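Visitor: Single-letter residue listing:
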Amino acid sequence: MTELIVILAFLSRFWLDARTTDLNEEIKQKQAIVAASADFEKEFRLAQKKLKIYSDMTAKDKEATNLISSISSYLPPEVLLVSVSQIGEEVQVKGQIFTERAIAQFIANLEPSGLFDEISLSQVDTSQKTQATIVFALKLILKEDK
Amino acid sequence: MALGWRRGYLQYKRIFLDIASIYNQRREVKAFLELLLSLGAIAIFGMFALRPTLLTIANLYREIKAKEEMVAKLNQKAQAFVQAQTTYNQERSTLELLSFAIPDKPTPELFVRQIEGLVGKHAVEVLGLSIGKATLLGTSTEQESAKSLLPSDASSISFSLSTKGNYLSLSSFLSDLESLRRPIKVDTFSVNASETEGEDILILVMTGQTPYFK
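Line by line, the protein sequences give chains A and B.
Following my numbering, the numbering of the first sequence begins with 1 at its first residue and continues without gaps.
Following my numbering, the numbering of the second sequence begins with 1 at its first residue and continues without gaps.
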């Protein structure tokens, strides 16, 4: 029995040694295959990064165009838009009107649009050219997900 | 003195022979003794010969497991390469477009050419166009682009553009500019109405960035 255990132990050791050698050979071959694809891997990863940049940049569709057309669509007929500008999340809209009621209507139209977190009237003044018209400026803060 | 030694010898011989006869006569004693001796032999072999072998076997076993895992990972990677190569070949034409969209170099001349194309298409007038600092040849020694507004890893060239035209042409120009194959990130823009020679015109001023990836 003792001899059997000893023989088994030594035989398994030889088998394990042989298996290790086989695995080393296999690993060497596979590593050579992987190394041969290194250039392709680099190219593929570059393409992946570029795709990521492209998809991140185009995730929001035509922000400026959509903003201008949205604001234009909420304009009451009696409001004349003078300028629209955007810096970061802040949008400034300037216009001319004949009655204050039109500003209120414009703000009332913008509020339910869901585009802005904050809408505030930053300027109301009579026009220097014609006293009949009123110039106004609205400050709008865009919602973060817009 | 010599007699004492002989007596002792005879006494021990008799005891040994008694034990031997008991060993031969009683089977259970024989079996027990054989078992005891076998276990003793195993213990001695185990201690001095088998122990190092068993330790080596354990180490080899662990090594084999690690190597098998490595082979499996390498196989997985090789398979992924095959799959990636297939996908890459299938999408080769799209990927060529991607290299126009996100070039490896700043290529401001290509970007300006695209803007010129849009200007001609929509009949707007360019009042000014400037492109930010870009390294055209060699490696840039300083960071010429503002990376914060663009996705990670992307470099960019900044630009500033002012154009004038009527609402429809400017609106479609801006829409096409935002849909260029080479994407842009608009940092700031303003559209101002102004009256020139009795004609109402709009002036669009915008600053933005367009990416490249080096």
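One should not assume that every hint holds.
BS3-like cross-link-like pairs, simulated, lysine-lysine; straight-line CA separation at most 25 Å [stated by the list, open to error]: (1) A:LYS42 x B:LYS73; (2) A:LYS42 x B:LYS77; (3) A:LYS94 x B:LYS121; (4) B:LYS121 x A:LYS62; (5) A:LYS49 x A:LYS28; (6) B:LYS73 x A:LYS49; (7) A:LYS62 x A:LYS129.
What the hints contain is simulated information worked out from the structure, not anything from laboratory work.
All of these numbers come straight from a predicted model, not from anything done at the bench.
Visitor: Taking the hints in turn, state whether each one holds.
Guide: A quick look at each hint next to the structure:
Between the alpha carbons of LYS42 (chain A) and LYS73 (chain B) the distance comes to roughly 19 Å, so the proposed pair stays at or under 25 Å and holds. Restraint check for LYS42 (chain A) and LYS77 (chain B): satisfied, since their Cα atoms lie roughly 14 Å apart, inside the 25 Å limit. For a cut-off of 25 Å, the pair hint linking LYS94 (chain A) to LYS121 (chain B) is broken: about 29 Å separates their Cα positions. Our distance criterion of 25 Å between C-alpha atoms is met by LYS121 (chain B) and LYS62 (chain A), whose separation comes to about 18 Å.
Pair hint LYS49 (chain A) plus LYS28 (chain A) does not hold up; C-alpha atoms about 30 Å apart against a cutoff of 25 Å. The suggested pairing of LYS73 (chain B) with LYS49 (chain A) holds, with an alpha-carbon distance near 24 Å, which does not exceed 25 Å. For the hint linking LYS62 (chain A) to LYS129 (chain A), the alpha-carbon distance of about 36 Å lies beyond 25 Å, and the restraint is violated.
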